[in-house]
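Undergrad: Single-letter residue listing:
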Amino acid sequence: MDHFAVTNLTFAYAEDAPPIFQELTFAPEPGTFNLLTGPSGSGKSTLLKLLAGLYPQYGGVIQSGQVTVNDTEISTLQPFQRAAHVAMLFQNPSRQFAMRTVLEQLQFALANLQLSPPEIDRRIQTVLTDLHLTQFTHRALETLSGGEQQRVALASVLALGSSLILLDEPFANVDAAGRTQLLADLKTLQRTQHKTIILADHDLSGYAGLVDQLYHVDGTQRTLLQESPAALPATTPATPVQGQPLTTGPLAWHDLSLTVGDRPLITAAQFTLPASQLGLLSGDNGAGKSTLFAALTRQRRYAGDIRYQDRPAKQYKLKQWALQVAEVYQNSPDQFIRIQASDELALSAQHSLHPTYWTAERIAQAAARLNLAAVLDHVSYALSGGQQKKLQVLSMLIMGQPVLLLDEPFAGLDQASLQAVLTLLQQTIHDLQLSALVVSHQRQGVVSFMDYELHLADQQLQLIAGEAA
Amino acid sequence: MTQTADTPRGLNAATLTLIMIGIGFPLTFAQSVWLNTIVAGLGLLYLIALRVSWRKVSLILLIALPLAFGSWISFWFFGTVDRWHLAWMYGSRVYAYLLLGMIVTMTVSTQRWLVSLHLHFHLPNAFVFGLLGALNMADRVRHEFRRIQYSALMRGENLRLWNPLLYLRIVLVSLNWSNDLAEAMTSQGFTENAPRTELIADPMPAWQWGLAGGLIVIYCAAAFGLRPW
Amino acid sequence: MQHANSQVAQVNPVRWTIRDVIFLALIGVFFGIIYQLWSYVYYALAATPLKPYANDMTIGVWIMAGPLAGVLLRKVGASVIGELLAAAVEMMLFSSWGAADLISGFIQGIGNELGFAATGYKNWDKLGLLMSTIGATIVTFAWDWFQSGYKAYTPTMNITLLIIRFVSIGFFSGVLVYWIRQLVAKTGLLK
Ligand SMILES: Nc1ncnc2c1ncn2[C@@H]1O[C@H](COP(=O)(O)OP(=O)(O)O)[C@@H](O)[C@H]1O
Ligand SMILES: [Mg+2]
Numbered sequence: 001m002d003h004f005a006v007t008n009l010t011f012a013y014a015e016d017a018p019p020i021f022q023e024l025t026f027a028p029e030p031g032t033f034n035l036l037t038g039p040s041g042s043g044k045s046t047l048l049k050l051l052a053g054l055y056p057q058y059g060g061v062i063q064s065g066q067v068t069v070n071d072t073e074i075s076t077l078q079p080f081q082r083a084a085h086v087a088m089l090f091q092n093p094s095r096q097f098a099m100r101t102v103l104e105q106l107q108f109a110l111a112n113l114q115l116s117p118p119e120i121d122r123r124i125q126t127v128l129t130d131l132h133l134t135q136f137t138h139r140a141l142e143t144l145s146g147g148e149q150q151r152v153a154l155a156s157v158l159a160l161g162s163s164l165i166l167l168d169e170p171f172a173n174v175d176a177a178g179r180t181q182l183l184a185d186l187k188t189l190q191r192t193q194h195k196t197i198i199l200a201d202h203d204l205s206g207y208a209g210l211v212d213q214l215y216h217v218d219g220t221q222r223t224l225l226q227e228s229p230a231a232l233p234a235t236t237p238a239t240p241v242q243g244q245p246l247t248t249g250p251l252a253w254h255d256l257s258l259t260v261g262d263r264p265l266i267t268a269a270q271f272t273l274p275a276s277q278l279g280l281l282s283g284d285n286g287a288g289k290s291t292l293f294a295a296l297t298r299q300r301r302y303a304g305d306i307r308y309q310d311r312p313a314k315q316y317k318l319k320q321w322a323l324q325v326a327e328v329y330q331n332s333p334d335q336f337i338r339i340q341a342s343d344e345l346a347l348s349a350q351h352s353l354h355p356t357y358w359t360a361e362r363i364a365q366a367a368a369r370l371n372l373a374a375v376l377d378h379v380s381y382a383l384s385g386g387q388q389k390k391l392q393v394l395s396m397l398i399m400g401q402p403v404l405l406l407d408e409p410f411a412g413l414d415q416a417s418l419q420a421v422l423t424l425l426q427q428t429i430h431d432l433q434l435s436a437l438v439v440s441h442q443r444q445g446v447v448s449f450m451d452y453e454l455h456l457a458d459q460q461l462q463l464i465a466g467e468a469a
Numbered sequence: 001m002t003q004t005a006d007t008p009r010g011l012n013a014a015t016l017t018l019i020m021i022g023i024g025f026p027l028t029f030a031q032s033v034w035l036n037t038i039v040a041g042l043g044l045l046y047l048i049a050l051r052v053s054w055r056k057v058s059l060i061l062l063i064a065l066p067l068a069f070g071s072w073i074s075f076w077f078f079g080t081v082d083r084w085h086l087a088w089m090y091g092s093r094v095y096a097y098l099l100l101g102m103i104v105t106m107t108v109s110t111q112r113w114l115v116s117l118h119l120h121f122h123l124p125n126a127f128v129f130g131l132l133g134a135l136n137m138a139d140r141v142r143h144e145f146r147r148i149q150y151s152a153l154m155r156g157e158n159l160r161l162w163n164p165l166l167y168l169r170i171v172l173v174s175l176n177w178s179n180d181l182a183e184a185m186t187s188q189g190f191t192e193n194a195p196r197t198e199l200i201a202d203p204m205p206a207w208q209w210g211l212a213g214g215l216i217v218i219y220c221a222a223a224f225g226l227r228p229w
Numbered sequence: 001m002q003h004a005n006s007q008v009a010q011v012n013p014v015r016w017t018i019r020d021v022i023f024l025a026l027i028g029v030f031f032g033i034i035y036q037l038w039s040y041v042y043y044a045l046a047a048t049p050l051k052p053y054a055n056d057m058t059i060g061v062w063i064m065a066g067p068l069a070g071v072l073l074r075k076v077g078a079s080v081i082g083e084l085l086a087a088a089v090e091m092m093l094f095s096s097w098g099a100a101d102l103i104s105g106f107i108q109g110i111g112n113e114l115g116f117a118a119t120g121y122k123n124w125d126k127l128g129l130l131m132s133t134i135g136a137t138i139v140t141f142a143w144d145w146f147q148s149g150y151k152a153y154t155p156t157m158n159i160t161l162l163i164i165r166f167v168s169i170g171f172f173s174g175v176l177v178y179w180i181r182q183l184v185a186k187t188g189l190l191k
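Residue numbers (the numbering used here), protein chains in the order written: chain H, 1 to 469; chain Y, 1 to 229; chain R, 1 to 191.
It is worth saying that the hints were derived from the structure and are not from the lab.
Worth double-checking, as some hints may not be accurate.
Simulated crosslink set (SDA-like; lysine to any residue; CA at most 25 Å straight-line) [to be verified]:
| no. | chain 1 | residue 1 | chain 2 | residue 2 |
| --- | --- | --- | --- | --- |
| 1 | R | K191 | Y | A64 |
| 2 | R | K75 | Y | A194 |
| 3 | R | K151 | Y | G79 |
| 4 | R | K191 | H | K317 |
| 5 | H | K319 | Y | H143 |
| 6 | R | K186 | H | K319 |
| 7 | R | K186 | H | D343 |
| 8 | R | K151 | Y | A64 |
| 9 | R | K191 | H | D343 |
| 10 | R | K191 | H | P19 |
| 11 | Y | K56 | R | K151 |
| 12 | H | K319 | Y | A152 |
| 13 | R | K186 | Y | A152 |
| 14 | H | K319 | R | I34 |
| 15 | H | K314 | Y | F145 |
| 16 | R | K75 | Y | P124 |
| 17 | H | K319 | R | I33 |
| 18 | R | K191 | H | K314 |
| 19 | H | K317 | R | I33 |
All chains should be modelled from the sequences, with the hints used to inform the complete structure.
TA: Written out as structure tokens, the structure is:
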């Protein structure tokens, strides 16, 4: 049984940067299931990568202390030696596979350990059987769902024989069923094979009764606080949206169907996005919410009909379409086309569709309300996650496209910022009569601003709050 | 190229690569319509022997026609001496090059090609798996490119191909993704310059070295000794 | 959410890591898409007697990947390897040219590399890019002298082509690459 220990660790991303962890000491109990929580940006990923020995190889400086496995400093081991002790599942399943198919991926991982070919075959057989993945052996990874991809990643970790399994927000692209299954698999591995599991997640639901230890990354004290797993919520009842009667609006879709490979995501959906109203688009991770946005912004193929003011989407040039249907991207850097934050706003102001509304004073006021004024002369990419979100939302509101789609715009926002963003959003779509649709896994503090809720489940897009006029 | 390391057909990928480069390079300095035609013809025969899809081959050959024609006619127009010969020589050269490429690209999978270069020409593993990893992301790269353009169009700007801001985004995305994938591969035990189990058998019999060497020598002798028309 | 700043790449002048390779290969895949867009322009011209002019006007675009790799990674050999990786990607994903892609990728990369080498790999800035522009112009022109038969054209035409080529390489692989590097530096994401 391997023993991992973090001792008096001080770690920063650069010599002159403030440390993320200061004098951190932490040792996971072998054979336990540990949950690591904390708001986005608090340092969960950083800690996992330190445990995996990826830092400092891939960045940062250990200013004092060490991370050890069985008393050897982990960063001094070669990757193929480390992999037998610890391996990691990453947030974005699509960026953790070098190879094309499930089999090739497993072979890749095991060949790194210099095992003999028969041993490689044997291990692959075993893990695929254990995780019920045999039917996927020759499938291309790209065609698997997020949950299936994460189980393949788990299979590689198992095959490598690592005793510590690290998972960094592994459910970001995984639906509820996939999540339940992956959690059950992990629990079994912990029980039967005495794996030590550390899983980072900012969403605490569904862990009650499953985890042995709960840790909270405290960003201000730069350390880890242990909490009682009894504090985990049993199941959080979803706060419902109080629906309003819906208005009508310019963007509508009929008979819309979306597939990934041969997997259907949405079948025969129909809706008209109401103007001057703010809607919540809910549904499991991986259900197809972002994919719906991609279709509405004409980034991917779809079957059926998307219309703007009764004209089919394809009759518009992409350039015109982009001035009608806008998106606030989930991944902030996808939004930026300037370097400095103030230039992002200036660009939007220059091309705004509502130049008389967005006067310089109004923009300055909005920036102040979002607490951005002090960082406008910073490089956008260097802002914190929450600041980047606010900058994105403000830039797109200044553009003021008639239809605005927002994909997880509240990630990494503290309570005050959330309130400020929602207030600004509500006021602007009202004043400018925009149709806005929001994807947000977070409901608390959000739903009271929503006029309706569209729910995506079992390939069906359903209006579950708010009545069509 | 197809993407899987399917069962190899025909010559070893390293042999083919050697032939492709070994003849492709001197071909630049050779001046013969005949030799170009022979090289292109042999390449075509090899493709036929391996039963490569006729439709694909014809399509590629057809698409190259304007280029060959462009070469042909530019020498007809601008050539100073011996215009007939030059026009046909540079026109046929387009096809000689193309078929030399096709004997590799149309008969060998990406993975086998890279593994073969690793086993027989010592291409480091970092290049083999780095390239494979990046190539397997090609579809996502295409989507990302569309998204970059859309993100700019939404802001009333069109990122044209000479706009540095377009490339900034490309560089940043590549930086981000390469970092994620490299970390994942490292966590799966990949170690630069460390030995790995070689799972793909890729025999390269001696006669294939001989064949490649022989063809190159014969070609060079013909091109620079015989110098046919 | 993914952090834009989750990787401040460190520069090591000789060693090639898997991350460097993936990085350049991904840029190569993006370039593959860009080449496809350019190739429409190129094709329209290249099917006419103006083909040599089309070659020389667009050459700066085809060779950009090399000097870009050079100024981003600042490694010995980065231009050649960057250009070769882009050529390999091109060969495997987008075209059937194979030999031509690899050989010309190598030649172009060498041209740029010689420029940076001439500064002793000390200058990756304006001077380095000027040298690499000159290196690439000379080497690729010499190559086309044989490969595309430029030696058969009149001296006047050759001088015109040489000037066009210098301007094309100077803009795309010099000025544009310089701007890109400046922008990347401003983001602080690459040391
Ligand atoms: N490579 C990096 N370089 C500089 N700062 C980073 C890097 N990665 C993360 N950070 C910063 O470190 C802090 C912790 O980040 P992270 O560990 O990703 O948090 P979490 O996983 O909890 O969201 C954040 O402020 C983040 O911006
Ligand atoms: Mg994280």
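Undergrad: Decide, hint by hint, whether the structure agrees.
TA: Taking the hints in turn, this is what the structure says about them:
1. R:K191 x Y:A64: 43 Å, violated
2. R:K75 x Y:A194: Roughly 22 Å separates the two Cα atoms, so the pair holds.
3. R:K151 x Y:G79: 9 Å, holds
4. R:K191 x H:K317: Violated. R:K191 to H:K317 sits at ~40 Å, over the 25 Å cutoff.
5. H:K319 x Y:H143: At roughly 17 Å apart (the allowed maximum being 25 Å), Y:H143 and H:K319 satisfy the hint.
6. R:K186 x H:K319: Distance ~29 Å between R:K186 and H:K319 Cα, so the pair is violated.
7. R:K186 x H:D343: 13 Å, holds
8. R:K151 x Y:A64: Within the cut-off at roughly 23 Å; holds.
9. R:K191 x H:D343: 23 Å, holds
10. R:K191 x H:P19: Distance ~19 Å between R:K191 and H:P19 Cα, so the pair holds.
11. Y:K56 x R:K151: 35 Å, violated
12. H:K319 x Y:A152: 10 Å, holds
13. R:K186 x Y:A152: OK: R:K186 and Y:A152 at ~19 Å, within 25 Å.
14. H:K319 x R:I34: 19 Å, holds
15. H:K314 x Y:F145: 20 Å, holds
16. R:K75 x Y:P124: At roughly 17 Å apart (the allowed maximum being 25 Å), Y:P124 and R:K75 satisfy the hint.
17. H:K319 x R:I33: Distance ~19 Å between H:K319 and R:I33 Cα, so the pair holds.
18. R:K191 x H:K314: Between R:K191 and H:K314 the Cα gap is close to 44 Å, so the pair fails against 25 Å, i.e. violated.
19. H:K317 x R:I33: 20 Å, holds
When the structure is compared with the earlier hints, violations turn up for hints 1, 4, 6, 11 and 18 and for no others.
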